[in-house]
Amino acid sequence: MTKDHNLKVILGEEKYNQIHNSKVLLVGAGGIGCELLKDLVLLGFGEIHVVDLDTIDLSNLNRQFLFRHKDIKQPKSTTAIKAVSGFNFHNSKLVPYQNSIYETDVFPLTWFDSFDLIFNALDNAEARSYINKIGLFLNKTILETGTTGTKGYVQATIPGQSACYDCTFRETPKTFPVCTIRSTPSQPVHCVHWAKNFLFSSLFGEDDDSVEDNSLEGKDASELGTDNQEELQALMKESNELIELKRSIVDESFEDKVIEKIFVKDIENLLKIEELWQQRTKPTPINYTPEYKAEILKITKEQLGTGQKLWTLEQNLSVLISSIRNLQARYSATTPIEFDKDDEDTLDFVVASTNIRSHIFNIPLKSKFDIKSIAGNIIPAVATTNAFIAGFSSLLSLGIFNNPDAFKDTRAIFASEAKDRFLSSGELDHPNPKCSACSVTRGVANIDLSLTFRQLIDALVEKYGYDEEIALSVGSKILYDLDLDDNVEKSFTELKVKYGDHLEILDETDVKGTVELYIETNTDGKITLPELVIPDKPKPVEEKKSEEDEDDDDDLEVFEENDEDELLIVEEKSIVSSVGGKRKLEDAEDNEPKKVKV
Amino acid sequence: MSNELSADEIALYDRQLRVWGAEGQTHLKNSRILLLNFTSLGCEIIKNLILAGVGSVEIYDSDTVKEQDFSAGNFFLSESELAKSKVDQAIIDRVRDLNPRVNVTARDEPILWEEHKNMEYFRRFNLIIANNLSYEETVKLNAITREAGIALYLTVNHGIYGLAFNDLLINVSTYVDFKNPLARVVGPISRNSEIVKVEKFYDEESEKFKERFTVKSQYKPFIDTYTSSAFANLTKRKRKNVSELLSLFLSNLQTPTSDPTELISKANELQTKLQLNPLSEQTINTTVPSFLEQQGTEIAPVSAIMGGALAQDIINFISKKVEPMDNLMIFDGVNYSMPVYEM
Ligand SMILES: [Zn+2]
Chain A
14 MTKDHNLKVI
24 LGEEKYNQIH
34 NSKVLLVGAG
44 GIGCELLKDL
54 VLLGFGEIHV
64 VDLDTIDLSN
74 LNRQFLFRHK
84 DIKQPKSTTA
94 IKAVSGFNFH
104 NSKLVPYQNS
114 IYETDVFPLT
124 WFDSFDLIFN
134 ALDNAEARSY
144 INKIGLFLNK
154 TILETGTTGT
164 KGYVQATIPG
174 QSACYDCTFR
184 ETPKTFPVCT
194 IRSTPSQPVH
204 CVHWAKNFLF
214 SSLFGEDDDS
224 VEDNSLEGKD
234 ASELGTDNQE
244 ELQALMKESN
254 ELIELKRSIV
264 DESFEDKVIE
274 KIFVKDIENL
284 LKIEELWQQR
294 TKPTPINYTP
304 EYKAEILKIT
314 KEQLGTGQKL
324 WTLEQNLSVL
334 ISSIRNLQAR
344 YSATTPIEFD
354 KDDEDTLDFV
364 VASTNIRSHI
374 FNIPLKSKFD
384 IKSIAGNIIP
394 AVATTNAFIA
404 GFSSLLSLGI
414 FNNPDAFKDT
424 RAIFASEAKD
434 RFLSSGELDH
444 PNPKCSACSV
454 TRGVANIDLS
464 LTFRQLIDAL
474 VEKYGYDEEI
484 ALSVGSKILY
494 DLDLDDNVEK
504 SFTELKVKYG
514 DHLEILDETD
524 VKGTVELYIE
534 TNTDGKITLP
544 ELVIPDKPKP
554 VEEKKSEEDE
564 DDDDDLEVFE
574 ENDEDELLIV
584 EEKSIVSSVG
594 GKRKLEDAED
604 NEPKKVKV
Chain B
2 MSNELSADEI
12 ALYDRQLRVW
22 GAEGQTHLKN
32 SRILLLNFTS
42 LGCEIIKNLI
52 LAGVGSVEIY
62 DSDTVKEQDF
72 SAGNFFLSES
82 ELAKSKVDQA
92 IIDRVRDLNP
102 RVNVTARDEP
112 ILWEEHKNME
122 YFRRFNLIIA
132 NNLSYEETVK
142 LNAITREAGI
152 ALYLTVNHGI
162 YGLAFNDLLI
172 NVSTYVDFKN
182 PLARVVGPIS
192 RNSEIVKVEK
202 FYDEESEKFK
212 ERFTVKSQYK
222 PFIDTYTSSA
232 FANLTKRKRK
242 NVSELLSLFL
252 SNLQTPTSDP
262 TELISKANEL
272 QTKLQLNPLS
282 EQTINTTVPS
292 FLEQQGTEIA
302 PVSAIMGGAL
312 AQDIINFISK
322 KVEPMDNLMI
332 FDGVNYSMPV
342 YEM
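Quick note, the sequences are listed as chains A and B, same order.
According to our numbering, the first sequence is numbered sequentially starting from 14.
According to our numbering, the second sequence is numbered sequentially starting from 2.
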């Protein structure tokens with residue numbers, strides 16, 4: 014029998030040849046990406062391009078099976094391609110890119126257009142939305158995937174037929190009122206937030222950096238969570254003293270000054286505000302004496318173990334002191350230190366100060382292992398779910414490829430934890446008419462960037478019949494509207510509009526629907542606008558509540574792999590990012606993107 | 002047995018420890034796995050278990066690498082091993098390279114299934130995964146695993162169709178879950194399982210009530226699936242929904258054939274015995290021909306899906322964190338379904 018026997022029997026000669034002559038894009042070579050690349054190569058896809066900016070970390074190796082210990086710090090894209098070349102039995106052409114997918118000079122729209130199919134294997138909502146828009150501009154099908162622990166999903170987005178990635182609203186992370194973080198914490202997560210985003214960044218971050226979340230300026234009473242003037246005064250004073258304290262960062266006594274201020278004096282000051290403690294248990298400042306410190310310094314590394322067990326207050330203090338010493342040695346005003354869960358000194362500082370604060374406020378302490386998860390926003394990830402989801406992504410692609418009935422034939426797949434099945438599936442949703450991505454009319458404009466906005470507006474009016482009441486924006490920046498007509502005589506270059514930007518045109522008379530143009534550029538003094546049929550803006554109608562689908566309860570909680578060092582907090586689950594969580598757009602209270610004028 | 006893992010293990014396994022914890026990881030570390038037949042599906046299951054950090058894996062295959070293996074989806078093979086043993090040193094080195102902490106060994110000398118000659122050999126393992134055995138081998142192996150107290154996972158696959166079966170003997174494990182609206186009570190919960198203990202407690206961390214409950218499941222031997230009364234009391238609609246691939250797989254395993262008429266007649270006999278409806282027109286006209294045409298073939302996506310699902314199920318069983326399946330799964334790559342039947 015021949016080498017391609019299995020493929021020919023299962024796929025059939027025709028499909029086998031189509032696959033063999035196809036060109037596909039794989040965005041992401043992480044957990045799902047490694048698995049997908051393996052599947053696509055083994056299926057014999059003709060040409061596979063793989064984009065990933067990332068390099069390999071130790072904690073990837075439990076699932077990103079194309080990588081080995083010796084590959085740590087190497088680029089994922091090139092390493093993955095080298096690894097699969099050992100079993101590239103059907104001679105797929107493999108092309109790696111160690112770039113960000115947003116780089117429009119490397120990845121212009123025409124480049125995306127050269128692929129038959131796009132496979133998403135991404136770990137964040139922003140990149141998914143970006144690829145989603147590319148798919149909408151080009152009318153190209155995307156196979157979208159995501160996993161968290163043993164949960165996961167695959168589904169196709171087929172422009173014009175199915176719902177797109179942005180048709181479902183994703184919850185934004187919950188934030189805590191400033192006073193909960195700064196003066197009245199009641200959960201470990203409050204203390205982690207304080208230790209990482211307030212204390213650590215105040216002491217070791219950039220001078221005016223990051224503390225904004227926790228500063229009092231420009232916030233209303235609901236964001237502050239208090240209108241107690243005494244409390245606000247105390248917090249203000251606390252912050253100012255911290256800035257003062259930072260000046261002595263080079264002093265040998267810095268560690269004592271930090272501990273005495275943060276865990277003794279600041280707490281004593283809070284205790285003076287009696288109103289705060291009428292309904293709450295009072296915090297207890299620690300008793301930090303030279304004798305006590307001498308005992309603390311006797312604690313050895315061996316006694317601290319590997320961070321799976323809880324540390325005592327004294328052990329936390331010893332970790333705090335040694336991490337402060339290490340960070341002091343590394344610190345310089347020109348190169349501030351950023352928190353990174355994989356940077357032991359920063360993690361130790363955050364773990365120890367979290368626990369000392371928890372102790373003071375009678376909150377349960379947590380192990381280093383657990384605090385790392387909260388502070389580093391670690392998403393659980395296993396090889397099995399990624400293999401399962403990537404397997405389905407490649408299997409579904411076979412059914413979608415060259416199939417005019419793909420929308421009807423394909424299914425959305427969710428890994429299931431139910432006892433009687435390993436998956437649940439459903440037909441693809443129809444597009445959401447309120448979607449901010451796929452309800453928009455799209456096209457490609459070609460513009461000489463030395464021309465002015467005035468020339469574009471004239472061209473738009475002539476081509477599409479707008480009157481002059483339009484607003485133009487790129488991303489969250491409004492570049493032109495009736496209140497901002499100063500910009501009309503400025504050139505695109507002056508307004509920093511560049512190749513690959515998505516220019517949004519809003520009809521402020523509310524007649525025409527929204528249009529978004531992908532900007533390509535020329536130097537011939539021309540503006541070429543696409544032929545578009547712009548539908549009228551839909552009139553607001555009363556929505557009927559649709560009934561919940563009883564069978565698909567699994568798809569309500571799908572998150573994703575995400576390695577970013579952001580503290581994302583969602584109600585009820587302290588360690589998950591809900592970026593991939595699904596919720597119908599109708600339920601969103603305010604889904605209008607916020608824009609700023611420039 | 003200590004649950005404390007080394008700092009290196011914690012760093013390497015960080016993301017999965019967030020799923021099954023240090024205790025689950027220690028159970029995995031203490032497990033000894035035997036894989037019988039290094040198929041594409043076997044390759045996927047074993048890849049996932051090695052990445053997860055099981056203690057040891059022995060891969061058995063007495064066959065040689067054939068041309069067509071390069072389209073089946075076993076990515077540990079390379080073309081230079083054509084005509085060599087399927088567990089050739091170079092291939093096993095590649096498997097071992099996935100996770101040097103796992104002790105990987107190989108065997109290519111045929112296994113004697115007769116009587117108890119091999120008991121000592123099998124007793125070295127606590128879980129066996131067997132791919133594409135014959136009916137006779139399956140029955141003999143299952144008798145061995147029952148006598149030796151070894152957990153067993155069986156798989157059979159034909160192209161985009163697959164079947165998996167597990168016999169975990171008597172499995173007693175304690176799980177923790179949020180309290181359901183209906184409290185769990187001691188007593189039977191399904192054909193083969195009962196709750197033997199429940200306690201409610203308040204979880205400080207989630208600020209919710211949870212239940213700690215012990216489930217005792219009495220698994221059945223493979224041979225019992227042919228006479229199971231699992232479908233006897235189903236509603237009409239549910240009976241109709243039972244995948245007919247179940248009978249195709251089971252009857253074709255017992256009486257292998259490439260003749261559609263024979264397969265249909267054998268499968269219909271089994272449908273009757275299992276108190277199911279006769280095979281549908283759809284199955285007879287579409288599924289049977291492609292099932293027979295795809296006999297003995299495998300492709301990567303199916304191996305990845307079934308291998309992912311089964312490896313996770315094995316991890317659930319070994320780590321004692323989540324209830325494993327009980328006891329027969331069908332993979333249907335046409336309708337994208339993966340039901341589990343408690344036979
Ligand atoms: Zn949409």
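Possibly wrong hints are sitting among the right ones.
[Stated by the list, open to error] Taking lysine-lysine pairs in the DSBU-like style, the calculated list, with each CA pair at most 35 Å apart, reads:
{"hint": "1", "chain 1": "B", "residue 1": "Lys85", "chain 2": "A", "residue 2": "Lys432"}
{"hint": "2", "chain 1": "A", "residue 1": "Lys232", "chain 2": "B", "residue 2": "Lys267"}
{"hint": "3", "chain 1": "A", "residue 1": "Lys83", "chain 2": "B", "residue 2": "Lys85"}
{"hint": "4", "chain 1": "A", "residue 1": "Lys95", "chain 2": "B", "residue 2": "Lys85"}
{"hint": "5", "chain 1": "B", "residue 1": "Lys221", "chain 2": "A", "residue 2": "Lys95"}
{"hint": "6", "chain 1": "A", "residue 1": "Lys83", "chain 2": "B", "residue 2": "Lys209"}
{"hint": "7", "chain 1": "B", "residue 1": "Lys274", "chain 2": "B", "residue 2": "Lys221"}
{"hint": "8", "chain 1": "A", "residue 1": "Lys432", "chain 2": "B", "residue 2": "Lys221"}
{"hint": "9", "chain 1": "A", "residue 1": "Lys322", "chain 2": "B", "residue 2": "Lys267"}
{"hint": "10", "chain 1": "A", "residue 1": "Lys146", "chain 2": "A", "residue 2": "Lys511"}
{"hint": "11", "chain 1": "A", "residue 1": "Lys106", "chain 2": "B", "residue 2": "Lys85"}
{"hint": "12", "chain 1": "A", "residue 1": "Lys432", "chain 2": "B", "residue 2": "Lys217"}
{"hint": "13", "chain 1": "B", "residue 1": "Lys209", "chain 2": "A", "residue 2": "Lys322"}
{"hint": "14", "chain 1": "B", "residue 1": "Lys241", "chain 2": "B", "residue 2": "Lys201"}
{"hint": "15", "chain 1": "A", "residue 1": "Lys322", "chain 2": "B", "residue 2": "Lys211"}
{"hint": "16", "chain 1": "A", "residue 1": "Lys28", "chain 2": "B", "residue 2": "Lys241"}
{"hint": "17", "chain 1": "A", "residue 1": "Lys322", "chain 2": "B", "residue 2": "Lys180"}
{"hint": "18", "chain 1": "A", "residue 1": "Lys525", "chain 2": "A", "residue 2": "Lys552"}
{"hint": "19", "chain 1": "B", "residue 1": "Lys267", "chain 2": "A", "residue 2": "Lys16"}
{"hint": "20", "chain 1": "A", "residue 1": "Lys490", "chain 2": "A", "residue 2": "Lys432"}
{"hint": "21", "chain 1": "A", "residue 1": "Lys295", "chain 2": "B", "residue 2": "Lys211"}
{"hint": "22", "chain 1": "A", "residue 1": "Lys187", "chain 2": "B", "residue 2": "Lys201"}
{"hint": "23", "chain 1": "A", "residue 1": "Lys36", "chain 2": "B", "residue 2": "Lys85"}
Honestly, the hints are just simulated from the structure, not real lab data.
Predicted, not measured: the structure shown is a model, and the values here were computed from it.
Hint by hint, here is what the structure shows:
In summary, the hint linking Lys85(B) to Lys432(A) is not supported, as the alpha carbons are separated by about 42 Å, beyond the 35 Å threshold. At most 35 Å may separate the alpha-carbon atoms for a hinted pair to count; Lys232(A) and Lys267(B) exceed this at roughly 75 Å. Annotation: proposed proximity of Lys83(A) to Lys85(B) holds, straight-line Cα distance about 29 Å (limit 35 Å). A threshold of 35 Å between alpha carbons decides the hint, and for Lys95(A) with Lys85(B) the separation of about 24 Å falls inside it, so the pair holds.
Proximity of Lys221(B) to Lys95(A) is assessed by CA-CA distance (about 46 Å); at most 35 Å being required, the pair is judged violated. Our distance criterion of 35 Å between C-alpha atoms is broken by Lys83(A) and Lys209(B), whose separation comes to about 44 Å. The hinted pair formed by Lys274(B) and Lys221(B) meets the criterion: a straight-line CA distance of about 18 Å does not exceed 35 Å. Straight-line distance between C-alpha atoms of Lys432(A) and Lys221(B) comes to about 17 Å, which keeps the hinted pair within the 35 Å bound.
Proximity of Lys322(A) to Lys267(B) is assessed by CA-CA distance (about 59 Å); at most 35 Å being required, the pair is judged violated. The hinted pair formed by Lys146(A) and Lys511(A) meets the criterion: a straight-line CA distance of about 17 Å does not exceed 35 Å. In summary, the hint linking Lys106(A) to Lys85(B) is supported, as the alpha carbons are separated by about 27 Å, within the 35 Å threshold. For the proposed pair Lys432(A) and Lys217(B), the alpha carbon gap of about 15 Å is at most 35 Å, so the pair holds.
Distance check on the hinted pair: Lys209(B) and Lys322(A) sit about 23 Å apart at the alpha-carbon level, within 35 Å; holds. Distance restraint check for Lys241(B) and Lys201(B): the Cα-Cα separation of roughly 39 Å exceeds the 35 Å cut-off, and the hinted pair is therefore not satisfied. Taking the CA atoms of Lys322(A) and Lys211(B), the gap is near 23 Å; set against the 35 Å cutoff, the hint holds. As the CA atoms of Lys28(A) and Lys241(B) are separated by approximately 32 Å, the hinted pair is consistent with the 35 Å bound.
The straight-line distance between the Cα atoms of Lys322(A) and Lys180(B) is roughly 27 Å, inside the 35 Å bound, and the hint therefore holds. Straight-line distance between C-alpha atoms of Lys525(A) and Lys552(A) comes to about 11 Å, which keeps the hinted pair within the 35 Å bound. Between Lys267(B) and Lys16(A) the CA atoms are separated by roughly 33 Å; this keeps the pair inside 35 Å, and the hint holds. For the proposed pair Lys490(A) and Lys432(A), the alpha carbon gap of about 49 Å is over 35 Å, so the pair is violated.
About 29 Å separates the Cα atoms of Lys295(A) and Lys211(B), which keeps this hinted pair within 35 Å; it holds. For the suggested pair Lys187(A) and Lys201(B), the alpha carbons sit about 30 Å apart, so the restraint of at most 35 Å is met. For the hint pairing Lys36(A) with Lys85(B), the CA-to-CA distance comes to about 34 Å; that is within 35 Å, so the pair holds.
Taken one by one, the earlier hints fail for this structure at numbers 1, 2, 5, 6, 9, 14 and 20, listed in ascending order.
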